[in-house]
Structures are given as C-alpha cells and as structure tokens.
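Participant: Protein chains in written order, with the numbering used here: chain A, 1 to 114; chain B, 115 to 226.
The reader is advised that the hints may include incorrect statements.
What the hints assert, rightly or not - List of simulated lysine-lysine pairs, BS3-like, C-alpha gap at most 30 angstroms: (1) B:Lys-218 x B:Lys-182; (2) B:Lys-218 x A:Lys-11; (3) A:Lys-70 x A:Lys-11; (4) A:Lys-57 x A:Lys-11; (5) B:Lys-218 x A:Lys-57; (6) A:Lys-11 x A:Lys-53; (7) B:Lys-218 x B:Lys-156; (8) A:Lys-57 x A:Lys-70; (9) A:Lys-11 x B:Lys-156; (10) B:Lys-115 x A:Lys-53; (11) A:Lys-57 x B:Lys-115; (12) B:Lys-218 x B:Lys-115; (13) A:Lys-70 x B:Lys-156; (14) A:Lys-53 x A:Lys-70; (15) A:Lys-57 x B:Lys-182; (16) A:Lys-57 x B:Lys-156; (17) B:Lys-115 x B:Lys-182.
Said to hold, decoys possible - In silico negatives: residues of chain A with every beta carbon more than 12 angstroms from chain B: (18) Thr-17; (19) Thr-26; (20) Ser-69; (21) Thr-71; (22) Val-113.
Claimed, not checked - Here are some chain A residues pointing at chain B (derived, C-beta under 8 angstroms): (23) Tyr-33; (24) Leu-43; (25) Asp-54; (26) Gly-58; (27) Gly-100; (28) Gln-103; (29) Gly-106; (30) Pro-107; (31) Gly-108.
Just so you know, the hints here were simulated from the structure itself, not pulled from any lab data.
In this text, a Cβ means the ideal position worked out from N, Cα and C, and glycines have one as well.
Each chain, written out:
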Amino acid sequence: DAGITQSPRHKVTETGTPVTLRCHQTENHRYMYWYRQDPGHGLRLIHYSYGVKDTDKGEVSDGYSVSRSKTEDFLLTLESATSSQTSVYFCAIRGGASGGGEQFFGPGTRLTVL
Amino acid sequence: KQEVTQIPAALSVPEGENLVLNCSFTDSAIYNLQWFRQDPGKGLTSLLLIQSSQREQTSGRLNASLDKSSGRSTLYIAASQPGDSATYLCAAQSSGNTPLVFGKGTRLSVIA
Numbered sequence: 001d002a003g004i005t006q007s008p009r010h011k012v013t014e015t016g017t018p019v020t021l022r023c024h025q026t027e028n029h030r031y032m033y034w035y036r037q038d039p040g041h042g043l044r045l046i047h048y049s050y051g052v053k054d055t056d057k058g059e060v061s062d063g064y065s066v067s068r069s070k071t072e073d074f075l076l077t078l079e080s081a082t083s084s085q086t087s088v089y090f091c092a093i094r095g096g097a098s099g100g101g102e103q104f105f106g107p108g109t110r111l112t113v114l
Numbered sequence: 115k116q117e118v119t120q121i122p123a124a125l126s127v128p129e130g131e132n133l134v135l136n137c138s139f140t141d142s143a144i145y146n147l148q149w150f151r152q153d154p155g156k157g158l159t160s161l162l163l164i165q166s167s168q169r170e171q172t173s174g175r176l177n178a179s180l181d182k183s184s185g186r187s188t189l190y191i192a193a194s195q196p197g198d199s200a201t202y203l204c205a206a207q208s209s210g211n212t213p214l215v216f217g218k219g220t221r222l223s224v225i226a
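Chain B on its own, in the form it takes in the complex (with noise of 0.2 angstroms):
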C-alpha cells in the first residue's frame, strides 16, 4: 500500500530564500506524482505533474524532481517570496486507474 510522507511539517524562510520541500512515496512502482498548493480556506490548486518516464517538471520559479528509486520527490521554490506562504502537498498514483494518496503536507511561511 502506498505511503506518502512530507517533512518537515511546517517551514518558515526568509524572503529571496531557495527552498526545497521534500516528499517520499513508499512503492517505488510510481504511475505519476502530483504536487498542489493550499492556501488557507481554500481549494487545492495543482503545480506540477511528474508522469513515471520523467525525471522532472518546471513551471517557471517551481521544479519538481522524481527518483523513483529512492522513493522521493522534491519540489524547489526558488526566489522565495510572501506570496509563496501555502501548505504544499504532494500525491502519488501508483495506477492509472488508482485514486492519488496524499500526504500531509509541509505548510511554508515567507517572511519578508
């Protein structure tokens, strides 16, 4: 059964600060991997997709990284800013046909 885990739970960095956020998946047999952001009372709104053939995913100051290997993913923020404060949470899909596990979540703060 898969597992997803996110530490640390919650991280606070000073603004124009690099972060990577970190994410491990317990199979290994990964069909793809998600990572979403939440910003407080409101929905889920998706960032990356990482499908099993792929190493990584950029989406301009966001890359999210895939080692499957390892059963990790990370998800750097670069040129961290206020703006970027959310709780990000990553999900695995060990099928196509399977419902995404989440975890639960690393919750950022940037402060200015």
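In isolation and in its complexed conformation, chain A is listed as follows (with noise of 0.2 angstroms):
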C-alpha cells in the first residue's frame, strides 16, 4: 500500500469554526491533491498541489485553502466551516516524474459541520 495518511479520520465541527485536514506521505512524491466525495457529485478536486508551496485549485476550491511547506505533508483548511462541507475528504498522491504515475488515495476524513 501507498504510504499515505490523513488525519483526523473523523470530526464532528460547528458553524463557523476553522478546521485544518493534514494529509501525509512517506512517498516523496511530488503531485498531491484534495477531493471531497458527495453522493449524488462524485469524487470533486478541490485543490493540488506540484510541489513545495505550489499548489492550484480544484472545481470546488471557494472555502478552502491549502499549504504544503514540506514534500510530505499537504493540509487542507476550511478557513469558516459551514454545513455545505460536511462530506468524505480524501487526499491523494501520484508518482512520476511529470506527474504521469499511478494515483493512489488514503483512507479519507469524515467532516460533519453541524
């Protein structure tokens, strides 16, 4: 298995407070990303990143933001979590030198706003 965790696995927030997602990788890849899986929408992109403080965004990035200060860390923040980010939060990681690797996925975070 890819070695890829994110942390927490599960959080239960209330409106309007921040919360920070950490996803972590002991691949010394390059690509990672952030998706956020919704019955009914799918796997959507909310941010990437290709490298050390370089990232971009997704279909879905308005609320959230990223850092990535080291190869193996990539944290996902909602600055002011509302209910509409309640959803699965999988970080994911690709190989290859250009990025054109395999992608592999961690176990996901369970975020409820209430």
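Put the two chains together into one complex, using the hints given.
Facilitator: This is the structure in structure tokens:
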C-alpha cells in the first residue's frame, strides 16, 4: 500500500469554526491532491499541489485553502466551516517524474459540520 | 475540457459471469487512464493504470483496455465473485501535470 495517511479520520465541528485536515505521505511524491466525495456529485477536486509551496485550485475551491511547506505534508483548511462542507475528504498522491504515474488515495476523513 | 462518463451507473450480475465495465472520455489526446475500486465507506484502491502508448493492462482476473480513437476504455472482470461487489471508477489524465478527471462510477453487485 502507498504510504499515505490522513488525520483526523473523523471530525465533528460547528459552523463558523476553522478546521484543518492533514495528509501525510512517505513516498516523496511531487503531486498531492485534495478531493471531496458526496452522494450524487462523485469525486470533486478541491486543490492540488505540484511541489513545495506550489498549489493550484480545483473545481470546488471556494471556502478552502491549502498549504504545503514540506514534500510529505499537504494541509487543507476550511477557513469558516459551513454545513455544505460536510463530506468525506480524500487525499491522493501521484508519482512519476512528470506526474503521469499511478495515483493512490488515503483512507479519507469524514467531516460533519453542525 | 476532458469529461469522463461511466454507463451504466449500476449493474447486477450472477456470480461466475464475465462482465465488462465501460468508460468513455471526450478528449482523445489522453496521457493515461486509471481504474479504481471503492468499497462502501472506504477509500479508492488503484486497480490498473494504462499509459497512452498501451492498448491494455492485466492484473489477475482484471483486464483494462484503452482505445484512444474511439474515446473508450473497458474493464473486463473474469469469473466474477461476490467479493468483486464495489463501485468502479475510471479517471483520465490529459497531460502529466494535470489532475485526473473522474467518472461517477459504476456500482457493481455480484449475486451469489
């Protein structure tokens, strides 16, 4: 299995609070991704990173920010959580010199915003 | 813009049947295509990665093919088992530094 972990695995928070999810990899891969998965919407890309301090937006980036200060860690922050951000969040990593390698997913974080 | 479609959304088959899952994509200038499996409440597990220069990839009872000219990929599962029941997703990458574009998946049920 690819060395990718997510923390926390479950979180319940209240509307308006900031939340940070962490993705950690031991594969030294350059590319990292944050997705959310919701019934009826499938998997949607939030943000991704193609190197330390290099990030870009995905299709549903509003209300989210990311940071990557080290190769192994990619953080997703919900600045002020809303109920619409209740979801399962997946981190993924991708290998290959130019990002064309196999993509692997973490186990997911189930976030509930009350 | 690449779009990926998987039809049908759900499929039910009897145990032992050979089956094919379909994936279509709109941009034939594809870099690679990857198939994943997702069990309920779990993350995605990579099954097969097909590079644009390849026609197919095999892993055990699974065989994935890629036809760029027709914009199609298929995942063939031989001698299906109840343990194959899961949602299968395909995803296409248009270039090495672009994110994967996912289909919404086909939910497979293999009935014993």
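Participant: For every hint, state whether the structure bears it out.
Facilitator: Right, here's what the structure says about each hint:
| no. | hint | verdict |
| --- | --- | --- |
| 1 | B:Lys-218 x B:Lys-182 | holds, 20 angstroms |
| 2 | B:Lys-218 x A:Lys-11 | holds, 26 angstroms |
| 3 | A:Lys-70 x A:Lys-11 | holds, 24 angstroms |
| 4 | A:Lys-57 x A:Lys-11 | holds, 24 angstroms |
| 5 | B:Lys-218 x A:Lys-57 | holds, 21 angstroms |
| 6 | A:Lys-11 x A:Lys-53 | holds, 26 angstroms |
| 7 | B:Lys-218 x B:Lys-156 | holds, 16 angstroms |
| 8 | A:Lys-57 x A:Lys-70 | holds, 19 angstroms |
| 9 | A:Lys-11 x B:Lys-156 | holds, 16 angstroms |
| 10 | B:Lys-115 x A:Lys-53 | holds, 26 angstroms |
| 11 | A:Lys-57 x B:Lys-115 | holds, 16 angstroms |
| 12 | B:Lys-218 x B:Lys-115 | holds, 16 angstroms |
| 13 | A:Lys-70 x B:Lys-156 | holds, 27 angstroms |
| 14 | A:Lys-53 x A:Lys-70 | holds, 8 angstroms |
| 15 | A:Lys-57 x B:Lys-182 | holds, 28 angstroms |
| 16 | A:Lys-57 x B:Lys-156 | holds, 25 angstroms |
| 17 | B:Lys-115 x B:Lys-182 | holds, 16 angstroms |
| 18 | Thr-17 | holds, 25 angstroms |
| 19 | Thr-26 | holds, 16 angstroms |
| 20 | Ser-69 | holds, 21 angstroms |
| 21 | Thr-71 | holds, 16 angstroms |
| 22 | Val-113 | holds, 19 angstroms |
| 23 | Tyr-33 | holds, 6 angstroms |
| 24 | Leu-43 | holds, 5 angstroms |
| 25 | Asp-54 | violated, 11 angstroms |
| 26 | Gly-58 | holds, 7 angstroms |
| 27 | Gly-100 | holds, 4 angstroms |
| 28 | Gln-103 | holds, 6 angstroms |
| 29 | Gly-106 | holds, 6 angstroms |
| 30 | Pro-107 | holds, 5 angstroms |
| 31 | Gly-108 | holds, 5 angstroms |
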